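J.: These are the residues of each chain, in order.
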Amino acid sequence: MRYVKTSVIVLILYIFQETLLSEFKPFGVVPNLVAVAVFCFSLSESEWFLAGIFGALCGILLDAASGAVFGLNALLCMGFAILCCVLSVKFFKGKFMVCLLFAFCMSFLYETFFYVFGFALWNNTDVTVCFLYKIVPVTLLNTFAAAILYIPVKKINEADI
Amino acid sequence: MSFFEKRRRIILTIIIAIVILILMGVSTIPFKNSFFMKNAINTIFTPIHRALSAVSDGVGGCFNYLIEMKNMNKENDRLTEENAQLRHNYRDAESYRKENENLRELLNLKSQGTYGENSIAANIIGWSSDNWYNYYTIDKGSSSGIENNDIVISTDGIVGKVCETGLNWAKISTVIESSSSVGVRVIRTGDVSIAEGDFDLEREGKCKLTFINRNAHIIVGDTLETSGLGENYPAGIPLGTVVEIVADNAGMSRYAVVEPYTDFSDLKFVLVLKN
Chain A
52 MRYVKTSVIV LILYIFQETL LSEFKPFGVV PNLVAVAVFC FSLSESEWFL
102 AGIFGALCGI LLDAASGAVF GLNALLCMGF AILCCVLSVK FFKGKFMVCL
152 LFAFCMSFLY ETFFYVFGFA LWNNTDVTVC FLYKIVPVTL LNTFAAAILY
202 IPVKKINEAD I
Chain B
102 MSFFEKRRRI ILTIIIAIVI LILMGVSTIP FKNSFFMKNA INTIFTPIHR
152 ALSAVSDGVG GCFNYLIEMK NMNKENDRLT EENAQLRHNY RDAESYRKEN
202 ENLRELLNLK SQGTYGENSI AANIIGWSSD NWYNYYTIDK GSSSGIENND
252 IVISTDGIVG KVCETGLNWA KISTVIESSS SVGVRVIRTG DVSIAEGDFD
302 LEREGKCKLT FINRNAHIIV GDTLETSGLG ENYPAGIPLG TVVEIVADNA
352 GMSRYAVVEP YTDFSDLKFV LVLKN
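In order, the protein sequences belong to chains A and B.
Take 52 as the starting number for the first sequence in my numbering and just add one per residue.
Take 102 as the starting number for the second sequence in my numbering and just add one per residue.
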């Protein structure tokens, strides 16, 4: 049941991200709410395999709307979901500030990897512009979104365990 | 337990990753329509996007009205004056059009048709959400006759071209997208060049004019249109105006900043020209 509830939350976030947020673009960027939901779910999930599957499915949703090669978001989401889950067992222990730190670091790495595999490898080297005006603002907005999303996702996970 | 039973989950994860990599490879093959998984997901979500786009237009419109009400009178006076000027220009344009038709008949030229006969109007229902690409999603697709590489224009000028087509949706890659390049011609001098997208200028809704011939005399204020070279875009579609010319530190090369006529931050309707 918790997977159904979490999936509904992800779908709502996906639609919100694709329509209203991408039209109004706070601070000129769109926060990746689906990826934030993946990180929050993975932090409160004990089975890394399930976190990876969930990440892959959410990544496929992002790939449907992305302009990048289909599958890039799925791979990144799956990898980072597994990483979040494995690290959370050792370091997280349910602390809210650690969750924000995870969201910050994972968002930064996610966007950096997306830039590297989507652009930098193909000779698009506007590194300063990409970091200042895309990666850093998205990371900060994602961290803010994680602060709002973590508690509902955690409660859904704990209620059905 | 055997080796595989002990590491079943790791092996399954690796298999899933390999499947995703294969899908990535398959998705790069240029099919007529979009990759089937992308097509399926976007076809399902397009009606929701369309509905929410209408809602956000309504909500945004209400807020804009409240905020800008105090400027309405001033704008009204300006528009009345502009309307009078446009009516005068329209009368002139109408007489030129009639003269053009008469001359064509005299020369026995075949009519090449107007945009209205070979175009499809579409609403914009989605915008790029991954921060790295600049594209729009429209509410028409292959079922309406839209195909990849169809040119897309607005009432002001070129917008871009169709880069992906689904059943009832299509994605438009704009001319300010970082991977875009358009062959252009300076109307005043006839010089040809290339207008490319740029990550930095994209934030301001502008693009960059590169490969400027050393002997070209391009100045701020020059107007640009598509040149038709490269066979990506037909010739004669307005692009924009040169707003700045930038030389590199050594002075060996230069590029120009172009402000497109199309306001990409406020685009609601487009026209897709069929090839």
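A few of these clues could be false.
Computed from the model, here is a short list of chain A residues facing chain B with C-beta under 7 Å [as the list claims (entries may be wrong)]: (1) Glu-69; (2) Ser-73; (3) Val-80; (4) Val-81; (5) Ala-115; (6) Gly-118.
Estimated spans, in silico, between C-beta atoms of each pair [said to hold, decoys possible]: (7) Lys-56(A) - Glu-345(B): 49 to 57 Å; (8) Phe-168(A) - Ile-130(B): 15 to 23 Å; (9) Tyr-54(A) - Leu-187(B): 55 to 63 Å; (10) Gly-79(A) - Asn-174(B): 26 to 34 Å; (11) Ala-185(B) - Leu-160(A): 54 to 62 Å; (12) Lys-56(A) - Asp-364(B): 38 to 46 Å; (13) Ile-346(B) - Lys-56(A): 25 to 33 Å; (14) Tyr-54(A) - Asn-174(B): 55 to 63 Å; (15) Arg-179(B) - Leu-160(A): 29 to 37 Å; (16) Arg-179(B) - Lys-206(A): 24 to 32 Å; (17) Val-178(A) - Leu-113(B): 22 to 30 Å; (18) Gln-186(B) - Phe-182(A): 54 to 62 Å.
FYI, nobody ran anything at the bench for these hints, they're computed from the structure.
Just so it is clear, the structure is predicted and the values come from calculations on it, not from any experiment.
Ideal placement from N, C-alpha and C gives every residue a C-beta, glycine not left out.
J.: Could you run down the list of hints and mark each one as holding or not?
T.: Here's how the hints hold up against the structure:
1. Glu-69: The hint holds - Glu-69(A) has a Cβ within 7 Å of chain B, the shortest such distance being about 5 Å.
2. Ser-73: Holds, because the Cβ-Cβ distance from Ser-73(A) to chain B comes to roughly 4 Å (cut-off 7 Å).
3. Val-80: 5 Å, holds
4. Val-81: Status holds, d = 5 Å.
5. Ala-115: 4 Å, holds
6. Gly-118: 3 Å, holds
7. Lys-56(A) - Glu-345(B): 49 to 57 Å: Cβ of Lys-56(A) to Cβ of Glu-345(B): about 52 Å, so the range 49 to 57 Å holds.
8. Phe-168(A) - Ile-130(B): 15 to 23 Å: 19 Å, holds
9. Tyr-54(A) - Leu-187(B): 55 to 63 Å: 59 Å, holds
10. Gly-79(A) - Asn-174(B): 26 to 34 Å: For Gly-79(A) and Asn-174(B) the Cβ distance comes to about 32 Å; the hint holds.
11. Ala-185(B) - Leu-160(A): 54 to 62 Å: Cβ of Ala-185(B) to Cβ of Leu-160(A): about 59 Å, so the range 54 to 62 Å holds.
12. Lys-56(A) - Asp-364(B): 38 to 46 Å: 41 Å, holds
13. Ile-346(B) - Lys-56(A): 25 to 33 Å: Because 57 Å falls outside the window, the suggested range is violated.
14. Tyr-54(A) - Asn-174(B): 55 to 63 Å: Taking Cβ atoms as reference, Tyr-54(A) and Asn-174(B) lie about 57 Å apart, which means the hint holds.
15. Arg-179(B) - Leu-160(A): 29 to 37 Å: 51 Å, violated
16. Arg-179(B) - Lys-206(A): 24 to 32 Å: 55 Å, violated
17. Val-178(A) - Leu-113(B): 22 to 30 Å: 37 Å, violated
18. Gln-186(B) - Phe-182(A): 54 to 62 Å: 47 Å, violated
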